[in-house]
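Trainee: Which chain is which? The protein sequence lines are A and B, in order. If you number the first sequence the way my numbering does, the last residue is 559 and the count never jumps. If you number the second sequence the way my numbering does, the last residue is 1164 and the count never jumps.
Some clues are possibly wrong.
[To be verified] The list that follows gives simulated cross-link-like pairs (lysine-lysine, PhoX-like), each with its CA atoms no further than 25 Å apart:
{"hint": "1", "chain 1": "B", "residue 1": "Lys-1106", "chain 2": "A", "residue 2": "Lys-546"}
{"hint": "2", "chain 1": "A", "residue 1": "Lys-45", "chain 2": "B", "residue 2": "Lys-1151"}
{"hint": "3", "chain 1": "A", "residue 1": "Lys-265", "chain 2": "B", "residue 2": "Lys-1026"}
{"hint": "4", "chain 1": "A", "residue 1": "Lys-162", "chain 2": "A", "residue 2": "Lys-247"}
{"hint": "5", "chain 1": "A", "residue 1": "Lys-248", "chain 2": "B", "residue 2": "Lys-1026"}
{"hint": "6", "chain 1": "B", "residue 1": "Lys-1067", "chain 2": "A", "residue 2": "Lys-333"}
{"hint": "7", "chain 1": "B", "residue 1": "Lys-1124", "chain 2": "B", "residue 2": "Lys-1089"}
{"hint": "8", "chain 1": "B", "residue 1": "Lys-1106", "chain 2": "B", "residue 2": "Lys-1162"}
{"hint": "9", "chain 1": "B", "residue 1": "Lys-1151", "chain 2": "A", "residue 2": "Lys-378"}
{"hint": "10", "chain 1": "A", "residue 1": "Lys-131", "chain 2": "A", "residue 2": "Lys-358"}
{"hint": "11", "chain 1": "B", "residue 1": "Lys-1105", "chain 2": "B", "residue 2": "Lys-1162"}
{"hint": "12", "chain 1": "A", "residue 1": "Lys-5", "chain 2": "A", "residue 2": "Lys-247"}
{"hint": "13", "chain 1": "B", "residue 1": "Lys-1085", "chain 2": "B", "residue 2": "Lys-1124"}
{"hint": "14", "chain 1": "B", "residue 1": "Lys-1067", "chain 2": "A", "residue 2": "Lys-474"}
{"hint": "15", "chain 1": "B", "residue 1": "Lys-1106", "chain 2": "A", "residue 2": "Lys-483"}
{"hint": "16", "chain 1": "A", "residue 1": "Lys-406", "chain 2": "B", "residue 2": "Lys-1151"}
{"hint": "17", "chain 1": "A", "residue 1": "Lys-247", "chain 2": "B", "residue 2": "Lys-1026"}
Just so you know, the hints here were simulated from the structure itself, not pulled from any lab data. Keep in mind the model is a prediction, meaning the values are calculated, not measured.
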Amino acid sequence: MKHLKTPDDLSQYKKTLEAKHQPDTARIFICATGCRALGAEEVCKAFKNEVAKQSLAGKMEIVETGCQGLCTRAPVLTIEPLGIFYGRVTETDVPEIISRTIQKGEIIDRLCYSEAGKRIPYVRDIPFYRKQKKIVLKNCGSIDPRNIDEYILRDGYAALAKVLGGMTQEKVIDEIKNSGLRGRGGAGFPTGIKWESVRNAPGDMKYLVCNGDEGDPGAFMDRAVLEGDPHSVIEGMLIGAYAIGAKKGFIYVRAEYPIAVEHLKIAIEQARTLGLLGENILGKQFSFDLEIKMGAGAFVCGEETALIASIEGKRGMPRPRPPYPATSGIWGKPTNINNVETLANVPVIFLNGSAWYKSIGTGSSKGTKIFALAGNVKNTGLVEVPMGTTLREIVFDIGGGIPGRKNFKAAQMGGPSGGCVPAQHLDLPIDYETVKEVGAIMGSGGLIVMDDSTSMVEIARYFMEFCQDESCGKCVPCRIGTKRMLDILTRITTGQGKQEDVGFLNELAEVTKTASLCGLGQTAANPVLSTIRYFANEYEEAINKKAAQVAQESSPSQS
Amino acid sequence: MHKAVTIKKEGVPAVDLTRCRTILAKHPGATSADLIPILQQLQDAYGYLPQNTLEEITASTRIPLSKIYGVITFYSQFSLEPRGKHTIKVCIGTACHIKGAPDIKKKITETLHIHEGETTKDYKFTYEPVACLGTCFLAPVMMINERYYGKLTTEKTEQTLKSY
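Given the sequences, and given the hints that come with them, work out the whole structure.
Mentor: Written out as structure tokens, the structure is:
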């Protein structure tokens, strides 16, 4: 790899890569991240062994990719240029895939995705993929994330070259403002305004942080992006750093994501070698370097001021704002914190222009959103759709509906800070505002589908247990409020509820919401409030139930 | 986030500090910003955070022991007590919860006679719940060391545990 000294060097480098590229070679893309859990590594190995054994090296290529989305069929693979998708592949299927599909173009029925008894061999025909719009995930699952060349072949770092090649910092910020990009971590704060306030903050030393502390149970989109396309996040950070004038950046990743850390380390090293990180990037007066910080297991560290404390090596406790991190963040310096998905949106805005980006989505929410679809739904996996897509489209058209003979009851959106959206809102176009109106939040994008066998009081109890456990204990309303609400919910779910309990819950929820120091406490009551709002009858039933009855029902076990 | 842990004054076996010193040597001029990475590396090396290694950090970085203790007890990743050879992480994320994680937890306790956060007497297993492993498509799921076991049933859980 050579050291790129100008934006022109980058396009030259891309041309040399294109010249080497052979479009006729069969390429087999195997998810080697999430699918590892169900044997993807063995499948990869089997393919490599066969390639060696049959001396097929020039004829086919095995590409280990990030998440391809349809996790429910794991381990999955896609065969190009045929465009065939196979799932639940085992190592014993490998010789047959080579001899039949790759060498003769035949389809192996048993490995195909099927819906309503019909086999659908081609990616382009699978409803799960057809309804999606992949902007952020465009490379995820179709490049080797450990090879920067593959990213560059997909116009990687071209947005950075464009920015450094002649855009002023103001112009970069204007472009982001025009695009309407909002923070994908949950709250939806306009990214351009955040960047502008950090840029305007006085001080020579500024920091840019990528928040990859994806702690919401049921959310795995940031993990997928970091594992499957780490360079898109690094490029987004570089553009952001240029715009705000940051020299140093941190990527804060959960310790539970070892593959993400591994891929990021490789990506950073390769970007440094090419001169895309470090001093005078692409020959310009712009220097920026990155450090990975691994979380140590504390949900509250997803909150900006707690995350800063954790980077500084302290207990990750939030502090009152103002001052905001934009003026006083890490070591008291202006600090800009963006979520993984937000940053991964940045390069494409510069490649295609803010006008193009703005044309996708709804009035207030632009672009796409990635959802981690899980729970009682057929197609569990990773889904990227334009803002404004309805819940029905996500759960039924893409997700394939509810398995078994059960019915949709609610979708839990936004994790412990969110709420349960009931069936009556299935046709609601999802954006930041509409989701809030119905009592949930967009959150980071966890979307857990629940069927009619799920008890909503139990779900509220579950989330309260989570928040109570993760409350850092600094402020009283959160520390005691979550504890008392949990006590009440526990007593209701164990058949010892009192008639006045719902009233107590409402009151406690209100106080915890208004008086807590940070987002954790301010939103901790949301799952309770939304379940009371839509499923009050379940609370009533649970309260009226005698303890003995509950004990009888809960044993033997429900699964 | 509430760990009942104490630094014992007596009867705690001191460990050999060679590895600890090698780790500290990699962080010359360490400040509090390096504390969490140092603790993570120490825990990787020793399996937990032995008391005399913490005293060694204080001696070399001048970060007060009380501060180090504060950080350790805040983050769920750190352990002041020796851990089992194998770590069982049971996902208690939302998807796993609605697909039966509570039963899996019950089964683990039944099979190994330990509760969440505890280690078996023979130091074979340490059992801890984890907020979400981010592999919801495998729900309910647990991880033993680096290996995932997905779509668990109570029978499969017991079999898996017994295979170690």
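Trainee: Could you run down the list of hints and mark each one as holding or not?
Mentor: Quick rundown of the hints versus the structure:
1. For the suggested pair Lys-1106/B and Lys-546/A, the alpha carbons sit about 24 Å apart, so the restraint of at most 25 Å is met.
2. For a cut-off of 25 Å, the pair hint linking Lys-45/A to Lys-1151/B stands: about 24 Å separates their Cα positions.
3. Distance hint between Lys-265/A and Lys-1026/B is fulfilled; the C-alpha atoms sit about 18 Å from each other, no more than 25 Å.
4. Between Lys-162/A and Lys-247/A the CA atoms are separated by roughly 19 Å; this keeps the pair inside 25 Å, and the hint holds.
5. Restraint check: the Cα-Cα separation between Lys-248/A and Lys-1026/B comes to about 21 Å, which is no more than 25 Å; the hinted pair holds.
6. Our distance criterion of 25 Å between C-alpha atoms is met by Lys-1067/B and Lys-333/A, whose separation comes to about 23 Å.
7. The hinted pair formed by Lys-1124/B and Lys-1089/B meets the criterion: a straight-line CA distance of about 14 Å does not exceed 25 Å.
8. Taking the CA atoms of Lys-1106/B and Lys-1162/B, the gap is about 16 Å. The hint holds against a cut of 25 Å.
9. For a cut-off of 25 Å, the pair hint linking Lys-1151/B to Lys-378/A stands: about 14 Å separates their Cα positions.
10. For the proposed pair Lys-131/A and Lys-358/A, the alpha carbon gap of about 19 Å is at most 25 Å, so the pair holds.
11. Between Lys-1105/B and Lys-1162/B, the direct Cα distance comes to roughly 15 Å. Compliance with the 25 Å bound is thereby established for this hinted pair.
12. For the proposed pair Lys-5/A and Lys-247/A, the alpha carbon gap of about 18 Å is at most 25 Å, so the pair holds.
13. Only pairs whose Cα atoms come within 25 Å are accepted, and Lys-1085/B paired with Lys-1124/B is accepted, the gap being roughly 5 Å.
14. Restraint check: the Cα-Cα separation between Lys-1067/B and Lys-474/A comes to about 16 Å, which is no more than 25 Å; the hinted pair holds.
15. Taking the CA atoms of Lys-1106/B and Lys-483/A, the gap is about 23 Å. The hint holds against a cut of 25 Å.
16. Pair hint Lys-406/A plus Lys-1151/B holds up; C-alpha atoms about 19 Å apart against a cutoff of 25 Å.
17. For a cut-off of 25 Å, the pair hint linking Lys-247/A to Lys-1026/B stands: about 24 Å separates their Cα positions.
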